[in-house]
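Those sequence lines, one after another, are chains F and Z.
So my numbering is basically just the index in the first sequence, starting at one, shifted up by 6.
So my numbering is basically just the index in the second sequence, starting at one, shifted up by 569.
These are calculated hints, taken from the structure and not from any lab test.
The beta carbon of each residue, even a glycine, is placed where N, CA and C say it ideally should be.
A portion of the hints provided could be inaccurate.
Said to hold, decoys possible - The calculated lysine-lysine pairs, modelled on DSSO-like cross-linking and capped at a C-alpha distance of 27 angstroms, are: (1) Lys168/F <-> Lys826/Z; (2) Lys268/F <-> Lys284/F; (3) Lys284/F <-> Lys168/F; (4) Lys168/F <-> Lys801/Z.
Unchecked claim - Over 12 angstroms on every C-beta distance to chain F, these chain Z residues come out as not near it, computed from the model: (5) Arg709; (6) Arg712; (7) Asp714; (8) Thr854; (9) Val918; (10) Tyr925; (11) Pro941; (12) Tyr944; (13) Leu950.
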Amino acid sequence: MFGYYLHLAWHSLRRNRVLTALMVLAIAVGIGAAMTTFTVLHVLSGDPLPGRSGELYYPQIDPQDARGMMPGPMPPEQVTLIDGMNLLRAKRADRQALMAGGTVPIQPDASSFDPFYVEARYTTADFFAMFGAPFLYGHGWSGADDEAHARDVVITRQLDDKLFSGADSVGRALRIKDTTFRIAGVLDDWHPNPHFYDLTTGAYNYYEQVFLPLQTALELHFDKNGSNDCWGNGTGGMQGGAYPSATCVWLQFWVQLDSPAKAAAYRQFLVRYSEEQKALGRFQRAPNVRLRNLTQWLDYNGVVPGDVRLQAWMAFGFLLVCLVNTVGLMLAKFLRRAGELSVRRALGASRRALFAQLLTESGVIGIAGGSAGLLLALFGLWMVRHRTSDYAALAHLDPAMLLVTFALATGASLLAGVLPAWRACNVAPALQLKSN
Amino acid sequence: MELRPILATLRRHKVILWLLMLEIALSCAIICNGVFLVAQRLQHMDMPSGIAEHELVQIQQAPIAPPSDRYARAQEDLATLRAIPGVQAVGMSNQVPFGGASSNGNVMLSPTQPHRTLSAAEYFGENLVQTLGLRLVAGRDLRPDEYVDADVVIRELASGSGKGFPVPMIVSQALATRLWPQRNPLGRLVWLTPTASFRVVGVVRTLARANAYDTATAQYSMIIPLHMGADKDQSYLLRTRPQDRQRVLAAATAALKRADPTRVVTHARTYDRIRSDYFKDDHATAGMLVSVIVAVLLVTGLGIVGLASFWVAQRRRQIGIRRALGARRADILHYFQTENFLIVTFGIVLGMVLAYGISLFLMMRYELPRLPAGYFPVGALVLWGIGQLAVLGPALRAAAVPPVVATRSV
Chain F
7 MFGYYLHLAW HSLRRNRVLT ALMVLAIAVG IGAAMTTFTV LHVLSGDPLP
57 GRSGELYYPQ IDPQDARGMM PGPMPPEQVT LIDGMNLLRA KRADRQALMA
107 GGTVPIQPDA SSFDPFYVEA RYTTADFFAM FGAPFLYGHG WSGADDEAHA
157 RDVVITRQLD DKLFSGADSV GRALRIKDTT FRIAGVLDDW HPNPHFYDLT
207 TGAYNYYEQV FLPLQTALEL HFDKNGSNDC WGNGTGGMQG GAYPSATCVW
257 LQFWVQLDSP AKAAAYRQFL VRYSEEQKAL GRFQRAPNVR LRNLTQWLDY
307 NGVVPGDVRL QAWMAFGFLL VCLVNTVGLM LAKFLRRAGE LSVRRALGAS
357 RRALFAQLLT ESGVIGIAGG SAGLLLALFG LWMVRHRTSD YAALAHLDPA
407 MLLVTFALAT GASLLAGVLP AWRACNVAPA LQLKSN
Chain Z
570 MELRPILATL RRHKVILWLL MLEIALSCAI ICNGVFLVAQ RLQHMDMPSG
620 IAEHELVQIQ QAPIAPPSDR YARAQEDLAT LRAIPGVQAV GMSNQVPFGG
670 ASSNGNVMLS PTQPHRTLSA AEYFGENLVQ TLGLRLVAGR DLRPDEYVDA
720 DVVIRELASG SGKGFPVPMI VSQALATRLW PQRNPLGRLV WLTPTASFRV
770 VGVVRTLARA NAYDTATAQY SMIIPLHMGA DKDQSYLLRT RPQDRQRVLA
820 AATAALKRAD PTRVVTHART YDRIRSDYFK DDHATAGMLV SVIVAVLLVT
870 GLGIVGLASF WVAQRRRQIG IRRALGARRA DILHYFQTEN FLIVTFGIVL
920 GMVLAYGISL FLMMRYELPR LPAGYFPVGA LVLWGIGQLA VLGPALRAAA
970 VPPVVATRSV
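Turn these sequences into a full structure, and let the hints guide you.
What follows is the structure, given as structure tokens:
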């Protein structure tokens, strides 16, 4: 029976090509626009570390003076160097890492290469294990290396390809800002998006190429990137080599806590730490702590650009217009065929059969529109990738969104077909036949 | 034109009528809000910087090994750049309007107030008024003897001593008006920390911040006479004739490399590039919104064509009868045009309510201003136009139906 309906639908669609084209086109552009923007939204609001994000937390404490230069009751969004080192050395979490972003000059041995600057992350030993960064060769450095200010560096596969043509470069030397480092490991492709662990350097499509021990970088006065907030007489390292003063927050501190109980205990620890520091006279405010997990941290920072949401809403509105438009056209089309439908009714076809036949026809339109819409979405995403936005390069359709596209297209066109089909199969056959 | 027969007919086609009205209402709501959003973006992208944008180029460089004296190095570099033919002025700055990376200070009107009055951009560097082409509207420019090395200030601040302060500074007019409404700003003091005070010696008409996200505070800027040492965060700014920009950029890059072959020039670009980079997302969003608006109009227009064609085909017989009873072609034409006008009008009324609702939603979600009433007629006019355009074809076809149809069976 379904085959027969398909056959009928095909005939009916061919008979009125302009109208068919209009309906398919309306669904296609609607789906195309909606899927382009939804995919961008989906990619940007994705989980940067699936499976791990629930156990990662971003502690915030409030070391500001009582004058409160920064308004609002929220603690600062980064930590001072002193607090960061204290929390790091306390080792109260399953894993912890203190970090800051920077830029370093790489001086290749080969004289054919000019020195070049790359983004760097100055961090501590647990960084790689905590964030699940995959190693292609070698491994990270140890906590002892941190304290010893080891000249160890982890580079990315991309940099390894550039400097060593992709060979296993572990153990080889790398000159960074006139200092020789030993390559401890090479990271495989690893691109967490958003760049959750430091949103101040760039939220999307921001990748460091070298990772080195924080204390080593500080000792060598490597340049830092990212923001800092100061209070009192603090100055935010206005000049290269000078780091922000003690009354500035400028580092990020992350911890891994494997269970909610541990998270609760850690929060208690943060309160105790704040009280302790207040007793010592370093802190002036009452304990004001937050312990957000990764997802909450991204939400709190509103990391997905508002424009992207706005565009998704606009495209959704447009899809709605397209669907209403299709409902109207389909209704017109089905009602015009009242005569033909009446003949079929008079010859014994049940209402259900007519309904099924008409829905098949709208389903065909939906699938055609969905396929065309998919092509349009691919084209739309290609256009987005050629924008200059930071997130442009991330706009790719994944299998999940592909399925959603088709489900949305067919679902929408079936829904658009229900009302017209129901109206059309409710015509009184005798009346209709007589009037002709 | 008698409206009653039209309304009577429409009452008999309620479902299609409602669908059409719904589509027009949705389109109207999207167009009103869309045009408003686009206008806002364009206005934002048009934000004045206060500087001679088309005459400026920026160079950022970073030495591999820090020079023994960063301040001396900066002065040498500035001298090197000044010697390049075609360069009219050379300056140095820690930030540029719409540059993204910003340096801001908490401004207070007394050293003891508990909370900052506001946050404003801190421009540090050499010869900014002349190089950027800023317009002084009161007071004077900073004098060379007023400049202090940044390190000295940082040291003074860290020690908490107020030695060397107040330091003279220039403020933008927007900042002066905000801090001292309707009073002369010259000679007044502000504090950036409890010990660091600054005296206003000049006012420039406009100078936008590097991170001008919020239009209300985008023009709050201060220029402070600090010598900055050469490092990767400082910009050398060169003023030249617009047609010389590329040549000057190339010559300046080469000259800096000659002076120190180990340094890396990280940025060498025209100011126009900086501006367009800063507003690229607004540009993309505006482009996307315009495409949606055009697409909505197109789909709605084609939808009206489709439904009107259906109506005309369905009423061929009635049209024939009317013609046979003496109606002229123009009557038939006007009938369909009036009908369309009525439907679109109903749709627009519904759409205005919807547009207002969407605007309220956007206000809550995205901190957008309320949709100004002026945008409602825009949507209405556009939709009336599209409706009339779309119905013209089918209406003309209807008018062409010959009276003889009345006598045929189908």
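Quick one: which hint numbers does this structure break? Sort them smallest to largest. Structure breaks hints 3 and 8.
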